[in-house]
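Mapping of the sequence shown onto the numbering used here: residues 36 to 184, in sequence order.
Hints may contain errors.
What the hints assert, rightly or not - Mimicking BS3-like on lysine-lysine, the simulated pairs with C-alpha atoms at most 25 Å apart in a straight line are:
no., residue 1, residue 2
1, K146, K95
2, K146, K179
3, K179, K155
4, K59, K71
5, K80, K95
6, K80, K59
7, K137, K71
To be verified - Simulated restraints, written as ranges between beta carbons of each label pair:
no., residue 1, residue 2, range
8, I140, V181, 16 to 24 Å
9, Y151, Q55, 31 to 39 Å
10, G111, E49, 46 to 54 Å
11, Q55, C104, 41 to 49 Å
No lab work stands behind these hints: they were computed from the structure. Remember, predicted model here, so these are calculated numbers, not experimental data. Quick reminder that beta carbons are idealized off the backbone N, C-alpha and C, glycines included.
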Amino acid sequence: MLARYVLSRRLTREEWGLVQWIVKNLGQTWTDEFLKLPITQHHMKPSFHNNRSFLQRIDKLPHGLGWSCKKVTVHGNREDEDRAFLEEEVELWSRDPVECVKELIGNPAFKVDMAYSPAKAYSDHAGQHRVIDEMWTADWWGEKQVRLI
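Using the sequences plus the hints, can you model the full thing?
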């Protein structure tokens with residue numbers, strides 16, 4: 036789905052593949068070197084010519100909600116030489132789950148995959164073996180909607 040959105044932002048399918056490969060395999064210095072190679076410039080002809088323009092192009096791609104980071108002290112179950120439990124300060128990265136759901140529901144790329152109406156699904160034509168594999172196929176979904184009306 037992201038690929039469809041990216042392609043609609045005027046990155047060709049080939050450029051999208053190149054972007055994915057560069058991000059996965061090259062650091063900033065090597066990206067710059069690679070994009071400055073004559074074979075890259077003359078035969079591949081990407082819409083970015085160096086690392087700076089590459090990163091600017093990436094920054095124009097769609098991105099999700101921001102992350103927040105909080106320092107948390109974690110207490111372990113091992114003791115130090117003074118018999119005090121070891122502790123460590125770690126980073127806890129998170130997103131607001133309500134905002135995540137809002138973004139997912141509001142994203143047009145997911146429209147065809149969204150289901151709001153309750154439905155019952157069966158694995159056989161006779162309707163004897165019910166399948167509950169999505170929230171909207173469970174009784175709970177319909178019960179909650181009735182309560183909200």
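Status of each hint after checking the structure:
no., hint, result
1, K146 - K95, "23 Å, holds"
2, K146 - K179, "22 Å, holds"
3, K179 - K155, "15 Å, holds"
4, K59 - K71, "18 Å, holds"
5, K80 - K95, "19 Å, holds"
6, K80 - K59, "20 Å, holds"
7, K137 - K71, "41 Å, violated"
8, I140 - V181: 16 to 24 Å, "21 Å, holds"
9, Y151 - Q55: 31 to 39 Å, "33 Å, holds"
10, G111 - E49: 46 to 54 Å, "49 Å, holds"
11, Q55 - C104: 41 to 49 Å, "26 Å, violated"
Hint compliance for this structure: hints 7 and 11 are broken, all remaining hints hold.
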